[in-house]
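A.B. asks: Chains as they are written, first to last, in this note's numbering: chain F, 1 to 309; chain V, 1 to 309; chain Y, 1 to 309; chain L, 1 to 309; chain E, 1 to 309.
There is no bait here: all hints are sound.
When chains are identical, the list treats them as one kind, so a pair holds in a single copy or across two.
Within a straight-line C-alpha distance of at most 27 Å, the following computed DSS-like cross-link-like pairs (lysine-lysine) qualify:
hint	residue 1	residue 2
1	213	187
2	104	213
3	187	104
No lab work stands behind these hints: they were computed from the structure. All figures in this text were calculated on a predicted structure; none of them were measured in a lab.
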Amino acid sequence: MHQGSSGFVPLDVPPSMHSMYCANMDLITKKTGRLMLFAGDQKIEHLNDDFFGVGISPDDADPEHLFRIAARGRIGVFAAQMGLIARYGADYPDVPYLVKINGKSHLIRTEQHDPVSTSWCSVDDVACFARDSGLLVAAVGYTVYPGSIHEAVMLREAACMVRDAHRHGLVSVLWVYPRGHAIGDEKDPHLIAGAAGVAACLGSDFVKVNSPKRAGISGGVFLDEAVRAAGRTKVICAGGSATDPLEFLTDLHRQIHEGGCAGNATGRNIHQKPLAEAIRMCNAIAAVTYDDATPGEAYLIYTRGGTSG
Amino acid sequence: MHQGSSGFVPLDVPPSMHSMYCANMDLITKKTGRLMLFAGDQKIEHLNDDFFGVGISPDDADPEHLFRIAARGRIGVFAAQMGLIARYGADYPDVPYLVKINGKSHLIRTEQHDPVSTSWCSVDDVACFARDSGLLVAAVGYTVYPGSIHEAVMLREAACMVRDAHRHGLVSVLWVYPRGHAIGDEKDPHLIAGAAGVAACLGSDFVKVNSPKRAGISGGVFLDEAVRAAGRTKVICAGGSATDPLEFLTDLHRQIHEGGCAGNATGRNIHQKPLAEAIRMCNAIAAVTYDDATPGEAYLIYTRGGTSG
Amino acid sequence: MHQGSSGFVPLDVPPSMHSMYCANMDLITKKTGRLMLFAGDQKIEHLNDDFFGVGISPDDADPEHLFRIAARGRIGVFAAQMGLIARYGADYPDVPYLVKINGKSHLIRTEQHDPVSTSWCSVDDVACFARDSGLLVAAVGYTVYPGSIHEAVMLREAACMVRDAHRHGLVSVLWVYPRGHAIGDEKDPHLIAGAAGVAACLGSDFVKVNSPKRAGISGGVFLDEAVRAAGRTKVICAGGSATDPLEFLTDLHRQIHEGGCAGNATGRNIHQKPLAEAIRMCNAIAAVTYDDATPGEAYLIYTRGGTSG
Amino acid sequence: MHQGSSGFVPLDVPPSMHSMYCANMDLITKKTGRLMLFAGDQKIEHLNDDFFGVGISPDDADPEHLFRIAARGRIGVFAAQMGLIARYGADYPDVPYLVKINGKSHLIRTEQHDPVSTSWCSVDDVACFARDSGLLVAAVGYTVYPGSIHEAVMLREAACMVRDAHRHGLVSVLWVYPRGHAIGDEKDPHLIAGAAGVAACLGSDFVKVNSPKRAGISGGVFLDEAVRAAGRTKVICAGGSATDPLEFLTDLHRQIHEGGCAGNATGRNIHQKPLAEAIRMCNAIAAVTYDDATPGEAYLIYTRGGTSG
Amino acid sequence: MHQGSSGFVPLDVPPSMHSMYCANMDLITKKTGRLMLFAGDQKIEHLNDDFFGVGISPDDADPEHLFRIAARGRIGVFAAQMGLIARYGADYPDVPYLVKINGKSHLIRTEQHDPVSTSWCSVDDVACFARDSGLLVAAVGYTVYPGSIHEAVMLREAACMVRDAHRHGLVSVLWVYPRGHAIGDEKDPHLIAGAAGVAACLGSDFVKVNSPKRAGISGGVFLDEAVRAAGRTKVICAGGSATDPLEFLTDLHRQIHEGGCAGNATGRNIHQKPLAEAIRMCNAIAAVTYDDATPGEAYLIYTRGGTSG
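With the hints as extra help, turn the sequences into a complete structure.
C.D. replies: Right under this line is the structure:
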């Protein structure tokens, strides 16, 4: 049972952009109202920690790995920085792209300073790039850290990004992570519901939140408050910290069917695998997201290949 | 006995916008000079604390609850962020809206850092949104924290918002709360009178102040200094912390008739109730605000339904 | 013996604005080269402390009191924020106005943080307001706090204000108060002379400085260094802390005739009095300022009414 | 065996600038895909420490020394500030220039404050200068310090510089040095790989990183992770701290042939030598970079003169 | 033997401005390549300390003293703030002016906070003022404090000022003083050479540095490193702290003939004298600067009047 989305257009999309907005939404949700976001923005967020080291496929050392997966796996949208997309996009013209417009390194730990991440470009720059390059840029994204002493600058830029995205007929995705000295438990379900509500106030189409936990236990049910708080802003979630594929797919299924999530944003659980396996993992996640596949069905896709689509 | 307002136009409203300004003022004051503001901006200010938990109706978990109340209850204006309005406004086209242009979370406590809240959009953005969406955007709002080490940026933005609101024929409402390490008693009547005077200097049409208390006791009479200090800027006030509806309505009546307030801004005392009850509470508040109903008359509306209008 | 001013036009007034600049200067100096500035900007600077309390006339609780005085008393110019002027100006169209473009509250004490006050609007905004409203906006004003760690932003804005004022044919007045952790004695005559020189460097027409004191004693003679340091920028001064009207008028006379001041900026000593008395006080001050009245002659005006004009 | 580059054009170069971009890339890489960058930007970065003192040729005391070398030695591009280029360029019109658009002194040590370096001009200013002067401005450069508490402003400016460079058909070079209180070992190969990845996310054509070391030992092999992490952004590197020319050339050869580097950025090892020797050193470095000369062959060029080109 | 300058035009002067740039350079250097700058900017930098007190002529208490000297003494250019020039320039139309575009008070000591001085106006504002006023505005100036934690903002503004000055055909002068907690000995010759190199990187025509000292001893020879580091940016220097006129003139002669300086910037040693003596001092300094007069010849001019010109 899918959450209906096709046809819904927020009022800050001007009439002349309605069809483009709907086309972009349909492209990345495959007309299901759900979103499978393949996250490639960690090259700045985590530097090379996610791409090189023990337990990581050597394939992942080269950023082109991300584009190969995005082009050959079944995904909704591939999120990366505009600069990186500009260097590979010509060879991967059929990938639907989300341009992540802010980013920071993880070198300064939260204990040292409250986080701040500001935009690298405007949505106008993105729209200009999309037009000139001919790429399928369907969405833009931004990370907000509520509770940081710098939240004011990020709330302002996020509001601006959503408004400008809609003005250009693009879909908006906000990553909202409460973080900073003022924050106790970043995974508290009630706090995460608050984060989801922030995205609703900012008018975003989608919000990515951390997977909530209570007493160290995560579960789809803990997402329910957030999904309700987000209202017409759809919640997507990471698949938890599980690295076992079956567990991961099971968590994801619960997030969608128990927690009411509208999809997922997955990075490491895909790109740290060798190319063929990473593609099968994409296809498995997409099957859960877009086709209501069971964890078992999806796991078969992961292990044996093929898609449910 | 109403405070006259119809026809008064501040000089920073350009002549070409006089009729629009008056129409907006009449719309939200119902030509009484008073204002019943239904506050929906806490989703960012208090995250999900005001919308989910013990003693809060499950209806309130979904932001659409706010729009349902605003559409079916008798209100002057419904205050929310532009992003949220953009996602629901098409289904609630008859609600008079106030776009709150700044906002912050409550995650950083005043003891940790002085508050700062900066604008998410300009009034030009709001005017553009109003025109494109066709919604009844009648007013804009902004919160200032005098006494914060960041007051300079907020005073500047507030002055700009009032000026731009008037330039576009919109009504302006300022929330003025002295807050920060330099502030002793936030509820001191003399300090609150100062806050009201700040709004007068900024040229606002309305100012929302905290309900003043002396020695822990609130009362309409403590508002008198503020109402006088505000001059031609009209003071609206929260209904105190009372959660008992009759007490709340009695406080409100005193604020207006003893304290000289021009209305109220009410959020939790409305939206934390189930829909039908919330609507009746709106109607009761509106009766006190707009029709000079007695607390008893208003309470009957709350308990039995109907309106005095 | 008046200090000549009529006809002097600084070179940053463009030729097309010469006649307007001279008209504004003549209006507020009554062609004497001196200025009696009635200060109404404390509603933000001192919140309600100057307007409500023991020893203050109840008339002063309402900001309209200021406009009533300005309209009926003999003054050079009435200084207030643009927002406040916008709400009352239509009823007081004959008052010559000075728009104070920055302001801050006094809630943060100097011991807590160095002061910063930034502009609420540009001089272009003021010029636009003057044109649209038809009011007699003859001057603009700005406060600088040299010695504050934030002095750079204020020096920049002050220089900009003077330049833009002259570009629009408006008279400029700077309030220059050395203040902050780096400052020892704010009333030191040599420091105040430095402050006056700052205004000269900024190109202002008038500078308001604190009344200098040495060893706790004030006197016109202590102003001499400042008046010389200011050069062609004219110094105006508060009338000291004396609240006895005769003493006040005597101080003022000395400031002008011993110290070489070109006038005064007076607020509390006028508006804390009941309307009729406040008007007589204005007239008394104006007599000293504009007509070279003796303190005794002026005091008679204060006590018996009438003007020397 | 050269890394192919000719013909590759990132998608943020607009079609009308393709030929100019390729011409600039060919000019500075001599169509080899490699870059020999002669660095003259230390006059601000290290003040006069690199130009005057024991072991430094007196020739180096005069900034014209840099231009003489750039004009007569075989280099790819000469990096300096636009102001300096403006004073000498007319006499050295055939040098290919890279305008370094940010810079800071080394007076504040990292232990005192995290570094911040902001741009002195925009790429539009550079393009305007190039057009008006007729100089061969082929590239622009910027330094980023990830891990500094100021990284946000530098990431934003760097992204903007790369985008604007490509919009103007210019080649972009980023210097990316993790630095600040949060950074442990600046030379850690894994951290440097992260830095290279940052440049890839920013979309730069080239990234200059520090020569990585492990346990105090440097070596071409430690560059491998960085070169892979950078993907289609080419890595250039300093020649290590060796000041013995043969060692320096051997290191450089290893960086290219073992580490996969696409060239080098060399300053002190060239300009601290007397003019004739400095020119021969350029030629030797160029031989390794562009002609795959062995260290021995290159050393002969350094000692005996001539070029391999 | 003069340093040739006539005819040299940096490449950031657009061709249409070549003749104006050369005319301005010739005007202030009297076609000698040297500059005698009469500094009047201390009214903000030192407040009234340099203008009033023991050992200072009473003439100096009035800022018009500076203009009288500039008009009647032989100088290259008179440096002051635009606001001050605007108030006196009409009466002193033949003085060549340098508009100093930034400035700060000395109230905050370096031990308290690192210095920051930001621009009061843009070079476009200066060009506009020059055109409208008809004054001989030939140059602009800016002070940079390398080593301050605020150096980034000043380096950026300085680079912008030089570029814009040249775009308008104006001569640029930078004051470069390393200052702040990170700086040990502000007078160290090697550090001052670094400061001179900073100005070269910024592309300035002239740089004013402090007179270098080693072990408390100053001397022309200590300037040599700075003069070489500055390259085609010409170094001017204060005449040391000597207040004995013959010593001052001897120091100046050595700075030029031993140190290779291109002139001087002198304030207090001129304007603290009575008018006639100050004029003779100007003429004496000008004789050394422009006419290669010996200290003895110049001293005669100072004592007996006349000029060598």
